[in-house]
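S.K.: Line by line, the protein sequences give chains G and R. By the numbering used here, the letter at position 102 of the first sequence is numbered 102, and the numbering carries on one by one without gaps. By the numbering used here, the letter at position 49 of the second sequence is numbered 49, and the numbering carries on one by one without gaps.
Hints may contain errors.
[Stated by the list, open to error] Here are the simulated DSSO-like pairs of lysine-lysine, each with C-alpha atoms no more than 30 Å apart in a straight line:
#, chain 1, residue 1, chain 2, residue 2
1, G, LYS30, G, LYS190
2, R, LYS261, R, LYS194
3, R, LYS217, G, LYS306
4, R, LYS344, G, LYS39
5, R, LYS306, R, LYS39
6, G, LYS217, R, LYS306
7, R, LYS190, R, LYS261
8, G, LYS159, G, LYS147
9, G, LYS39, R, LYS217
10, G, LYS217, R, LYS39
11, R, LYS205, G, LYS306
12, G, LYS344, R, LYS39
13, R, LYS261, R, LYS205
14, R, LYS306, G, LYS205
15, G, LYS306, R, LYS306
Please keep in mind that the hints were generated in silico from the structure rather than gathered at the bench. Since the structure is predicted, the reported quantities are computational estimates derived from the model, not experimental observations.
There are 2 protein chains.
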Amino acid sequence: MSGTSQVPMRQQVEEFVNNLQEEIVLAFEKLDPNAPQFKRDSWVRAEGGMGRSCVFASPIDDGATVSSSAPQSILEKAGVNVSVVHGVLPPPAIRQMRADHTSMPLPDSPDGLPFFAAGISLVVHPRNPHCPTVHANYRYFEITEPKRDDAEPGDQQPKVLAWWFGGGSDLTPSYLYEEDAVHFHSTIQKACDKHGPQLYPTFKKWCDEYFFIPHRKESRGIGGLFFDDLNEGTHLRLPNPEVPRPRTPSEIFAFIQDLGKAFVPSYIPILELRHAQPYTPHERRWQLLRRGRYVEFNLVYDRGTKFGLMTPGARIESILMSLPEIARWEYMSDLGEEGTEEGKLLAVLRETRNWV
Amino acid sequence: MSGTSQVPMRQQVEEFVNNLQEEIVLAFEKLDPNAPQFKRDSWVRAEGGMGRSCVFASPIDDGATVSSSAPQSILEKAGVNVSVVHGVLPPPAIRQMRADHTSMPLPDSPDGLPFFAAGISLVVHPRNPHCPTVHANYRYFEITEPKRDDAEPGDQQPKVLAWWFGGGSDLTPSYLYEEDAVHFHSTIQKACDKHGPQLYPTFKKWCDEYFFIPHRKESRGIGGLFFDDLNEGTHLRLPNPEVPRPRTPSEIFAFIQDLGKAFVPSYIPILELRHAQPYTPHERRWQLLRRGRYVEFNLVYDRGTKFGLMTPGARIESILMSLPEIARWEYMSDLGEEGTEEGKLLAVLRETRNWV
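Whole structure, please, built from the sequences with the hints as guidance.
M.R.: Okay, structure coming up:
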C-alpha cells in the first residue's frame, strides 16, 4: 500500500486533504474579502484521531449585533471539514460496511478490525438564490489486521486487509442556469477524462442515483460525480478489465488529487457570476423550500450522515454542518408550477439530464 | 370487536376522529379570529380510504402580498389531519409491524393481510417563542383475515386477527415555563386517572423514552403521553393483570375519547397566556434552532414519519406537515449556556423530570 512513493498512503492522503482544505477556504475568503473569515476549529477524537473544521456562519442578526443595512456576505453558511481518524470497527459496523461495500471481502473478527479513515467534506450554501449549493467529499479508508498481542514498537505495520477511495462533488441550484450546470459538469469531466473515459459517465450516473429523494420523486440537485470502493480490485460499476482506469494506489490517488484541484475552478466562477444578481423575497422563499429538501435528503437518506449519527463518539456538529442555516417547509406549496422558473428546476430534478 | 355498541369500532373511531378534528380546529380559529382560517383539504387514497387535512399556514410574506406591519397570527404553522385508510399489508410490512408490536401475534400470509387504520394527528407550531409546540396523535388499527374468494356481498365481516389503539400528546417548548409544563401534564394525568392510576406514569415514561434524540443526548421536549398496542391482551408495559386499566374495546375507546377531549384544555390556555408576550430576535433565533431539533427527531427517528416515507402511495404532504415553517442550524451555537434561559430548557431536556 505504499504505491510508488515511500511515504505511506495514509500520510499522503492526510497531507492532501489538509492542503486542499486550506486552498478551498482561502479561495472563498478571497472571493468575499469583507465577509468574516471562516472559523478554524481543530478537535481531537477521544477514540483516536483528529480533525479540523473550517466553518463560515453569517453574522447573527439579533437586532443588537448587526444593523440590517450591513452588507450581506456572499455565503450564508459553509463548512469545509477534514478528519483523520482511526480505531476499531466493532462487528456490527463491519457487517454494515460489508453490506455497503459489496466488492470488499472483509473477514469477521470477534474483536472488530482496526480502521483508518481520512477525508475532506464540504458543503457551501450561498445566500443568493441564484447561486447553487455545492457539496464535495474525498475520502480514503483502510482496514488492517488486528494488532498481535506480542507486537512490539518498531514492528512492521499491520497488514492492510482492504483499502479504497471514494468521493464526489455535486451541485444543488434553486434556479436552473444551464450554462452553470454545463460549466460545473465539464470542469469535473475534464479532470476525470485524464484518468479514463469511462470514469465521468459512470460516476455521473452513480451520482444521479445516489442523490435521489424517493419520497419526493426528485433528485437533490443537478448531480456531478459520486463514487466509492475504488481500489485495484474488480469494481462493480467498471467491471470491464480492458477499460483504462486508475488501479494502483498511486494512480487512484492522482485521480483524487485532480478532482480535488478541480473543485475551485468548477464552482467559484459560478459564485462570481451570480452572487450580485438581484433577487426577490419570492426567490428567497423558493431557495429556503429547496433547502428543506436538502435537509430531508441528508437526514433521511445520506449514508455518511446516517452512519455518523449512529457512531458513538462521532462529532455531531461536524456531521450536521451540512445543514443549511435556514430551511422552510410549506404544506402543498404553490411554487414549482409548470411554466415558472421554479417549475423549470423541478423538471430537471424529476428527469436527470446529461450536461456535457 | 363491536364492544357494547352495535356500531362497529371502525365506524365509531372514524366518527370520533372527525369530530375531534373539527372541535380542535374551531378552538384554534376562535382563539385568533383575525387570522386566516385553517385550509380544509379532503383527499382520497388510490389504494383505499380517505382523509382530511386541516392546515394553518402564515400568510406568505413575499414583499408584495403582505405588508410587514400586518398583525401576526398566533400560529405560524399547524396541521390537524384525519385519515381513515384500508388495504392490504404486504408481507414485509407485516414483518415490520410484528417487530414494532411485539405483543401482537400476526400470522404470515403470502398474499399479505387486510388492514384498517383510522387516526387523528396534529402538530401546532405557534409563532411566539414563549409558546410551546404541541403534538398529539390517536389511532386505531385492525388486521383481519384475508377475504375468502367465495365471499359474497352481505357475508359476515372477516374475522379480526389483531386490533389496538395507540396515541399520545407531548409538548415542545423553546423556553421553559414550569407552570405550563405542570398544567399540560396535570390535565392529561386527570384524563388518564379515571381509567386507572398506572396509565399516566407508565405512558409518561414511555413518552420520555420515545421522544429522545440520541445523537443530541436530549429529549425533543418536556414529554406528555405515548402509548401503543393497547388492547385486551397482555401489555408489555402494564404486565400486572391486577392493575385496573381499560381492557375491552369500549373501555379503551372511552379512554382515547377522554384523552382527545383533554387536548384543547391542556394546550389552548397556554397559548392564551403566552401568545402576546413580547419577544426578541434572540428568542426567535433560539426557537428556530429548537425547531431544527424537531426536524432532526421527526426525519431521523420518528416511527410514523419513517414508516410513512417508505410506504408507496403515502401522502407525503400530510406526513411532513409536522415540520415547522422555518428551522435553523448553527455550527457550535453559543446559545444554551448554563445560567441562561436557553440553558434552563436544555437542562430539563437532558434530564427528564416529573411534572405532577
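S.K.: All hints, please: hold or fail.
M.R.: We went through each hint and held it up to the structure:
1. A distance of roughly 25 Å separates the Cα atoms of LYS30(G) and LYS190(G); the hinted pair therefore holds under the 30 Å criterion.
2. A hinted pair counts as satisfied when its Cα atoms are at most 30 Å apart, and LYS261(R) with LYS194(R) qualifies at roughly 13 Å.
3. Pair hint LYS217(R) plus LYS306(G) holds up; C-alpha atoms about 16 Å apart against a cutoff of 30 Å.
4. Annotation: proposed proximity of LYS344(R) to LYS39(G) holds, straight-line Cα distance about 28 Å (limit 30 Å).
5. Between LYS306(R) and LYS39(R) the CA atoms are separated by roughly 25 Å; this keeps the pair inside 30 Å, and the hint holds.
6. Distance restraint check for LYS217(G) and LYS306(R): the Cα-Cα separation of roughly 16 Å lies within the 30 Å cut-off, and the hinted pair is therefore satisfied.
7. Between the alpha carbons of LYS190(R) and LYS261(R) the distance comes to roughly 11 Å, so the proposed pair stays at or under 30 Å and holds.
8. With a C-alpha separation of about 9 Å, the suggested pair LYS159(G) and LYS147(G) falls inside the 30 Å cut-off, and the hint holds.
9. The hinted pair formed by LYS39(G) and LYS217(R) meets the criterion: a straight-line CA distance of about 25 Å does not exceed 30 Å.
10. At roughly 25 Å between alpha-carbon atoms, LYS217(G) and LYS39(R) fall within 30 Å of each other, so this suggested pair holds.
11. Proximity of LYS205(R) to LYS306(G) is assessed by CA-CA distance (about 27 Å); at most 30 Å being required, the pair is judged to hold.
12. Taken as a hint, the LYS344(G) and LYS39(R) pair is honoured in the structure, with Cα atoms around 28 Å apart against an allowance of 30 Å.
13. For the proposed pair LYS261(R) and LYS205(R), the alpha carbon gap of about 22 Å is at most 30 Å, so the pair holds.
14. A distance of roughly 27 Å separates the Cα atoms of LYS306(R) and LYS205(G); the hinted pair therefore holds under the 30 Å criterion.
15. Distance hint between LYS306(G) and LYS306(R) is fulfilled; the C-alpha atoms sit about 13 Å from each other, no more than 30 Å.
When each numbered hint is compared with the structure, no violation occurs for any of them.
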